[in-house]
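Asks: Chain by chain, the residues:
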Amino acid sequence: MRIKEHPILGFKPRETIKFTFDGKTYQGLAGDTVASALHAAGVRKLSESIHRKRPRGFYCAIGNCASCNMIVNGAPNVRTCITPLEEGMDVRMQHGKGRVE
Amino acid sequence: MKNKALPNTADVVIIGGGVSGCSIAWNLAKQGQKNIVVIEREYLTSGATGRCGAGVRQQWATKANCILAKQSVEFFEQAQAILEYDGDVEFKQEGYLIVSSTPEETAQFKKNVRLQNSLGIPSKLLTKAEAKQIVPHLNTDVIDAATFCGTDGHLNPFTMTDAYYKAAKRLGVSFYTYTTVEDIDVKNGAIHAVKTNKGTIKTDVVVNAAGGWAKEIGEMAGVDIPVFSENHEILVTEPVEKMQGPMVISFSHNIYCQQTPHGAFIMGRGDKNMPKGHDVSSSWTFLDDMSKTVTTLLPPIGELRVIRQWGGLYNISPDHQPIISDAKDVKGFYMACGFSGHGFMLAPMTGLLLSELILGKTPSLPMEDMALDRFEGKEITEFETSVV
Numbered sequence: 002m003r004i005k006e007h008p009i010l011g012f013k014p015r016e017t018i019k020f021t022f023d024g025k026t027y028q029g030l031a032g033d034t035v036a037s038a039l040h041a042a043g044v045r046k047l048s049e050s051i052h053r054k055r056p057r058g059f060y061c062a063i064g065n066c067a068s069c070n071m072i073v074n075g076a077p078n079v080r081t082c083i084t085p086l087e088e089g090m091d092v093r094m095q096h097g098k099g100r101v102e
Numbered sequence: 000m001k002n003k004a005l006p007n008t009a010d011v012v013i014i015g016g017g018v019s020g021c022s023i024a025w026n027l028a029k030q031g032q033k034n035i036v037v038i039e040r041e042y043l044t045s046g047a048t049g050r051c052g053a054g055v056r057q058q059w060a061t062k063a064n065c066i067l068a069k070q071s072v073e074f075f076e077q078a079q080a081i082l083e084y085d086g087d088v089e090f091k092q093e094g095y096l097i098v099s100s101t102p103e104e105t106a107q108f109k110k111n112v113r114l115q116n117s118l119g120i121p122s123k124l125l126t127k128a129e130a131k132q133i134v135p136h137l138n139t140d141v142i143d144a145a146t147f148c149g150t151d152g153h154l155n156p157f158t159m160t161d162a163y164y165k166a167a168k169r170l171g172v173s174f175y176t177y178t179t180v181e182d183i184d185v186k187n188g189a190i191h192a193v194k195t196n197k198g199t200i201k202t203d204v205v206v207n208a209a210g211g212w213a214k215e216i217g218e219m220a221g222v223d224i225p226v227f228s229e230n231h232e233i234l235v236t237e238p239v240e241k242m243q244g245p246m247v248i249s250f251s252h253n254i255y256c257q258q259t260p261h262g263a264f265i266m267g268r269g270d271k272n273m274p275k276g277h278d279v280s281s282s283w284t285f286l287d288d289m290s291k292t293v294t295t296l297l298p299p300i301g302e303l304r305v306i307r308q309w310g311g312l313y314n315i316s317p318d319h320q321p322i323i324s325d326a327k328d329v330k331g332f333y334m335a336c337g338f339s340g341h342g343f344m345l346a347p348m349t350g351l352l353l354s355e356l357i358l359g360k361t362p363s364l365p366m367e368d369m370a371l372d373r374f375e376g377k378e379i380t381e382f383e384t385s386v387v
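Chains as they are written, first to last, in my numbering: chain A, 2 to 102; chain B, 0 to 387.
Think of the hints as simulated: they come from the structure by calculation, not from any bench. If you're wondering where the values come from, they're calculated on a predicted model, not measured in any experiment. Yeah, the Cβ is synthetic: ideal placement off N, Cα and C, and Gly gets one too. Be aware that one or more of the hints could be misleading.
Unchecked claim - Computed far set for chain B versus chain A, every beta-carbon distance over 10 angstroms:
{"no.": "1", "residue": "8"}
{"no.": "2", "residue": "30"}
{"no.": "3", "residue": "34"}
{"no.": "4", "residue": "119"}
{"no.": "5", "residue": "123"}
{"no.": "6", "residue": "124"}
{"no.": "7", "residue": "169"}
{"no.": "8", "residue": "198"}
{"no.": "9", "residue": "223"}
{"no.": "10", "residue": "238"}
{"no.": "11", "residue": "242"}
{"no.": "12", "residue": "299"}
{"no.": "13", "residue": "330"}
{"no.": "14", "residue": "363"}
{"no.": "15", "residue": "370"}
{"no.": "16", "residue": "386"}
What the hints assert, rightly or not - Capping the alpha-carbon separation at 27 angstroms, the derived lysine-lysine pairs in BS3-like fashion look like this:
{"no.": "17", "chain 1": "B", "residue 1": "3", "chain 2": "B", "residue 2": "194"}
{"no.": "18", "chain 1": "A", "residue 1": "54", "chain 2": "B", "residue 2": "241"}
{"no.": "19", "chain 1": "B", "residue 1": "91", "chain 2": "A", "residue 2": "98"}
{"no.": "20", "chain 1": "B", "residue 1": "241", "chain 2": "B", "residue 2": "3"}
{"no.": "21", "chain 1": "B", "residue 1": "91", "chain 2": "B", "residue 2": "123"}
{"no.": "22", "chain 1": "B", "residue 1": "33", "chain 2": "B", "residue 2": "62"}
{"no.": "23", "chain 1": "A", "residue 1": "98", "chain 2": "B", "residue 2": "165"}
{"no.": "24", "chain 1": "B", "residue 1": "109", "chain 2": "B", "residue 2": "194"}
{"no.": "25", "chain 1": "A", "residue 1": "54", "chain 2": "B", "residue 2": "91"}
{"no.": "26", "chain 1": "A", "residue 1": "98", "chain 2": "B", "residue 2": "291"}
{"no.": "27", "chain 1": "B", "residue 1": "62", "chain 2": "B", "residue 2": "109"}
{"no.": "28", "chain 1": "A", "residue 1": "98", "chain 2": "B", "residue 2": "168"}
{"no.": "29", "chain 1": "B", "residue 1": "168", "chain 2": "B", "residue 2": "91"}
{"no.": "30", "chain 1": "B", "residue 1": "131", "chain 2": "B", "residue 2": "165"}
{"no.": "31", "chain 1": "B", "residue 1": "241", "chain 2": "A", "residue 2": "46"}
Take the sequences, apply the hints, and build the full model.
Replies: Given below as structure tokens:
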């Protein structure tokens, strides 16, 4: 879901960025965060609650809550809503609290 | 906790709603003492208890601390059942790993272990390699050896205090929070009344369990207690899956660091240049020093984000051992203070011993090493060295 037309604002075409989410390839646009790219691609579940494993999605979107914490390039607890998307990023759902390797 | 009007009289007034005050209240009530009032300036655990590192250890360098700690651990193991607590006090016994960084420090640790073993504390000296088996992410390049005691561990100060509070309350103890003690009336060398901002309570017995403010409470009764307070800073990280069982401590690196059952790491260190006083603010220098220390000793912890930092007061006595005592010059004035950073883990014995003293019973342990008058006219020869 992206706003493509607007009565006042214009949107220049942006280059696409490829990344993977749980091994599957996705495309975002330059300027996306990891979470915004996933949201635009229709991914609604970004993490799970710690104890009952209930789905958690895009929530505060400003890096305050832990709802979008994911494993990015192997690092746990990455706040994907404030992490700029980069070409070739390996994004994974985090189950539990994350592990420090 | 809704506050009723303060009573006009009480048999015992305990000043301080930390773990010590709540333990003293419960121990007194359990032995049949009636009309006990606990006065707390803010909320329960708002002082040193709720700001502490949540550790429980028996590996000390003085006999008094070792015995107090060991018998306290024995209580903590049964606390949930004894206090009939409806929650989980979160006592996790996965040990303390205390690392030395020089052969001299190791030599002291050997002495400590001999003392601890002689008192029935199951600590042992470990090589670097053995220490690494217990904490795989330990940087053994910066240590010489270690000691380990598997029955040491973690305990939640909030739930533990709550357990004492609820058990004491069931036995009839009254708690008054957000109530400040302003003065203590002494008549003819004996306690007469406690004046607070909410009213005056006539009483013959006052217990000073005021933590960081113990000296000031002593002054109100005309009792000079040789303690001072000092800010010790601490921080907590984001939670991660379990990766460290025991608390890791180093006196020479100046760090204690443990992973709580929730997954967050708690760590702190002392600052030799900290001025005496009641300031509990946080500093960037602590954050800087703490980060450097932890990444030196436990490198992977450096990957974690800091969630928050805070400070709390150590109430320090001349020999770094507690003062659990009466006051010879003021009848009815008792104190449990000067814990020097380890009052939380000794709370069960603090409560037991002081209640026995107040009730005129023979104490479960000899209390000369804890008496206020041990400092009078004497040079301190033995003092606790195992303090961060």
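Asks: Of the hints stated earlier, which fail here?
Replies: Hints 10, 11, 12, 20, 22, 23, 24, 28, 30 not satisfied by this model.
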